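**Student:** Chains as they are written, first to last, in the working numbering: chain D, 36 to 362; chain W, 6 to 364; chain U, 778 to 1156.
No lab work stands behind these hints, which were simulated from the structure alone.
Since the structure is predicted, the reported quantities are computational estimates derived from the model, not experimental observations.
Ideal Cβ placement from N, Cα and C applies to all residues, glycine included.
All clues given are correct.
Covered stretches of chain U, as calculated for chain D (at least 3 residues, CB under 8 angstroms): (1) 821 to 827; (2) 984 to 997; (3) 1118 to 1131.
Listed next, the in silico SDA-like pairs over lysine to any residue satisfying Cα-Cα at most 25 angstroms (straight line): (4) Lys78/W / Ser59/D; (5) Lys1015/U / Phe94/D; (6) Lys873/U / Asp897/U; (7) Lys323/W / Lys345/W; (8) Lys135/W / Arg1064/U; (9) Lys75/D / Asn81/W; (10) Lys78/W / Asn1045/U; (11) Lys306/W / Thr249/W; (12) Lys361/D / Lys1041/U; (13) Lys1041/U / Val287/D; (14) Lys361/D / Ala982/U; (15) Lys137/W / Phe1074/U; (16) Lys137/W / Asp99/W; (17) Lys1041/U / Tyr17/W; (18) Lys912/U / Arg836/U; (19) Lys361/D / Tyr18/W; (20) Lys345/W / Val309/W; (21) Lys1015/U / Ile38/D.
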Amino acid sequence: MSILDISLIVCLGIVSFILYFHISNYILDFFGNNNLKRIKFENSIRVLIFIAPACIILFIFILYPVFETIRLSFYDKFGREFVGLYNYNWAVNDPEFKRSIFNNLAWLLVVPTLSTFFGLIIANLADRIWWGSIAKSIIFMPMAISFVGAGVIWKFIYEYRGPGDTQIGLLNAVIVSFGYEPQAWLTIPIWNNFFLMAIMIWIQTGLALVIFSAALRGIPKEMIEAARIDGASELKIFFSIIIPFLEQTILVIWTIITILVLKIFDIIFAMTNGEWQTGVLANLMYDWMFRGGGDSGRGSVLAIVIMIGVFPIMAWNIYKHKQEQKI
Amino acid sequence: MADININTVNKYYGDVHVIKDVSLDIKSQSFTVLVGPSGCGKSTMLRMIAGLEDINSGTISIDGQVVNDLPPKQRNIAMVFQSYALYPHMTVFDNMAFGLKLEKRSKDEINERVQEAARILQIEDYLHRKPKQLSGGQRQRVAIGRAITRKPKVFLFDEPLSNLDAALRVQMRVELAKLHDQLNATMIYVTHDQTEAMTLANDIVVLDEGIVSQNGSPMDLYHDPNNLFVGGFIGSPKMNFISTKITSKSSDKTEVDLMGSAKISIPKTSASASEGDAVQLGIRPEHLTVNADSDGSWESKVFVVEKLGSGTFLYLEKEGEPLVVETEGDSNIKVGDTVKVGFSASHCHLFDSSQQAFK
Amino acid sequence: MNKVSLRSILSQLLLLLFVIIWILPTFGLFISSLRDKDLLAISGWWSALTTTNVNEIYRMQGMDEQNQADNYFIITDNLFKKNSGKKIETFGITSKKINEFKVGEVAIFKDKSTVTVNEDGLYIWKSENEFTKKKGKRLFITASSPPSFTFDNYKEVLFQEGIGQAFVNTIAVALPSTLIPLIICSYFAYALTWMQFFGRDTLLAIIIASLVVPLQMSLIPILTIYNDFGALFGVAAKSYPGVWMAHTGFGLASTTFLLRNFIKSLPNEMMEAAKVDGASHYDIFLRIIIPLSIPAFASIFILQFLWCWNDLLVGLVFLDQVPSEIILTAKLKELLGSRGENWEILTTGAFVSMTVPLFIFFALQRYFIRGLVAGSVKG
Chain D
36 MSILDISLIV CLGIVSFILY FHISNYILDF FGNNNLKRIK FENSIRVLIF IAPACIILFI
96 FILYPVFETI RLSFYDKFGR EFVGLYNYNW AVNDPEFKRS IFNNLAWLLV VPTLSTFFGL
156 IIANLADRIW WGSIAKSIIF MPMAISFVGA GVIWKFIYEY RGPGDTQIGL LNAVIVSFGY
216 EPQAWLTIPI WNNFFLMAIM IWIQTGLALV IFSAALRGIP KEMIEAARID GASELKIFFS
276 IIIPFLEQTI LVIWTIITIL VLKIFDIIFA MTNGEWQTGV LANLMYDWMF RGGGDSGRGS
336 VLAIVIMIGV FPIMAWNIYK HKQEQKI
Chain W
6 MADININTVN KYYGDVHVIK DVSLDIKSQS FTVLVGPSGC GKSTMLRMIA GLEDINSGTI
66 SIDGQVVNDL PPKQRNIAMV FQSYALYPHM TVFDNMAFGL KLEKRSKDEI NERVQEAARI
126 LQIEDYLHRK PKQLSGGQRQ RVAIGRAITR KPKVFLFDEP LSNLDAALRV QMRVELAKLH
186 DQLNATMIYV THDQTEAMTL ANDIVVLDEG IVSQNGSPMD LYHDPNNLFV GGFIGSPKMN
246 FISTKITSKS SDKTEVDLMG SAKISIPKTS ASASEGDAVQ LGIRPEHLTV NADSDGSWES
306 KVFVVEKLGS GTFLYLEKEG EPLVVETEGD SNIKVGDTVK VGFSASHCHL FDSSQQAFK
Chain U
778 MNKVSLRSIL SQLLLLLFVI IWILPTFGLF ISSLRDKDLL AISGWWSALT TTNVNEIYRM
838 QGMDEQNQAD NYFIITDNLF KKNSGKKIET FGITSKKINE FKVGEVAIFK DKSTVTVNED
898 GLYIWKSENE FTKKKGKRLF ITASSPPSFT FDNYKEVLFQ EGIGQAFVNT IAVALPSTLI
958 PLIICSYFAY ALTWMQFFGR DTLLAIIIAS LVVPLQMSLI PILTIYNDFG ALFGVAAKSY
1018 PGVWMAHTGF GLASTTFLLR NFIKSLPNEM MEAAKVDGAS HYDIFLRIII PLSIPAFASI
1078 FILQFLWCWN DLLVGLVFLD QVPSEIILTA KLKELLGSRG ENWEILTTGA FVSMTVPLFI
1138 FFALQRYFIR GLVAGSVKG
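Could you build the full structure based on these sequences and the hints that come with them?
**Tutor:** As structure tokens, this is what we get:
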């Protein structure tokens, strides 16, 4: 397809949605009159015009798939025959599944913690230094990069050459200059997971940083000054005023990164493709979607396991929303 | 032209009954002020007239036509909001022309009407500015201008002056009164400020907890409050209340005890009252005299003196709330002095235990 | 006072350390993408930044190039094929003594022929006898090499490796995938905020729940629907419109949520004023909500656009991995597999894929941050 073809369908796609809303509302206004009974009817039609596309897409792409995935998890690889708990049984006994669960848990433990921790420290450091905003920009920048792009960047860092050769990977060059043997970092089981996590931490620290920065600006200056007048040290102020003030923010950041990490796929797919014991649930699921012509049963089970991971967060969100609605 | 009839209207928010069987007749070309403390339902009442709130029962009619189910645009009304509610992305001109453009009026007509309204409000110079570049008072004028351009039968004002500072508020109040004379339209105005109500209204409606407490001209309300609430709400500074007992009663007079030191005979009665009943004696600070002859008097120590130049407020020790006395000019009474406070019987009000006034 | 400034210096140093660690990987990638591909494979990118000494071996021209002047046979040429800015310091004629002569000095071979080498690589090899060998003799040089950069890698990657086409494809995926949800969700968010209808609160709760539903839950059923749809109508199951709708579906909840939060923050009285002015919901939406929501649109546009641009999974599952449809991230992943040792292609390709996000990042950082802070929870 040429660039022309592509731009043509792109425009067509976008314009058709604009036209849908414009024409349907125009027609409604055209046929509308000021008859008392018609007004209510007209209003319902208007609501329908406004929400129909979103509702249809929501149903097809989110709601129906959730139930369909649950159904498929009880069926065979083609989704035809009911097999009960067979797929779940398979998962529980599958060593790859166990490995993925283990890795996912390690990711969940390490990445949100360190990202939040670094974000908090950097936000506090940058807050009081004149070149802080430049520093923040630089640390935030990886947020804009794709996971695959970040994968290439870090694969280059981890690049390995044989002991005699010049190392072109930064990490090995440093190691060698200290007189150690170069390592093929990504192939060392267990440890390689941490080298992959470093990439995610590198990216997500920026997210934590900007949200913390915004929250820090919300701390009333008077409060800090009052504490200073009361004779509190800077460290004391940090731990007994700033940290409690940011409690809610810490929780929010933690949740966001946790959700991202639960679904982590790109980095591992690009870097190791799950080899050397680095697989996680999302990779295993992708694998089963296509392995051996695809197994929708096993794939669905893995999707549901990820879903179970986010479920507490979902419930908490809805609970909070309900509380807000009451006020 | 545009009488508004409100007939036994009720409004619920969930289980909360905010408007209780309210009936009102608002005369064409009158300036009616709905006044009351916050939460009394006055804004809800106004929004029901505007069509921004549904009516649960009863009817509202404008010019004889029931408008319960009509959307705001078909009620021939315009409304000025407390926060001005200007469209921040439009110029002053576009703000004022918005309604006319929606009615698909011609360009010339829109221009003419906006210019006219701008002239009345003296905002011709700002027509091409955005609301952000205007002061509070100017924004208020634009909000009023937006209402004027549409030439509605009824103007609705929802606490329009409460976001302005004190000096500007007084100025805008005068201009609103002038505007009412100029436009000859029906205006309904909601405020919690009794001064605004007293100065602007032909007709004041005092609302209290969703009920019409009293409805009448400002002076009716001032001189003859129907109940304790209206007595206390209208007038500044507030009416003094003294808890007391009826000592004797005749066909046209009621005698009450005055702080145990004297008795005063007030030319008002109530059929339900009898000797020994607990009542509230109400008297406005401006109707009390100091060290002068009177129908009844009482002595007490002054503990605060507030001098305003035009008058002086004395705060006297009394059980419960202090008694406030207003004297004219610069008084030479000092804190700690004992003064004799004189009561004029004709200015005294009596309220029974159900807070209804003696007539 | 001393203590305070010590603390300040310490915290500046700590922050500097963080900044260096964070910028170094990207910086290395950028430098590498600009280096000569042969150098890239044998030396670390950091060596490209400074003038370094390199030891190199060149072979002089053979007998075919000789000229006769006076009584000498002369072969003259430049050792460096292209102007690289290298400066020769010393040279040698045997591998045992590579630094034997300084530039300009005359070296004498065993066969009595002489050679001198200039700083810029020009050599003159003189002999009284005719040169008879096809190959020239070897010269060992030590040269200082200044930093040198080239765009050759970019030319190669964009036009030969298909990254250019993938770049266009990615735009074709990301742009509609951002604008369509923005259009649909702005109407939806308005209705959820300012219109009264049955089931509104339930719908809102569903949106909140959908915010965190992992997109893995949808992959298999949606792929099935697409396959069935394709088979039924005889069209390709994987196509651009399919990807747009998938991205729209997965971005719908967060876009709606953010837009609703924004629209809800607009003053209530303004909407009522418009209603009293005679505006219908559509008038209010077009003339008041849209103009006032531009900053929010900008934030959400950036978030969703970056999400679509950087996505791998959706592009992998819902598009065919053919040159006319493959997106940048998928292409990069493919190159990682097939050209894993060709770092000039990988680094340059990665940098090309990052150009648009980095441009958006530096130009519109304020809106990007605002969007994230507004409660970014991506489904």
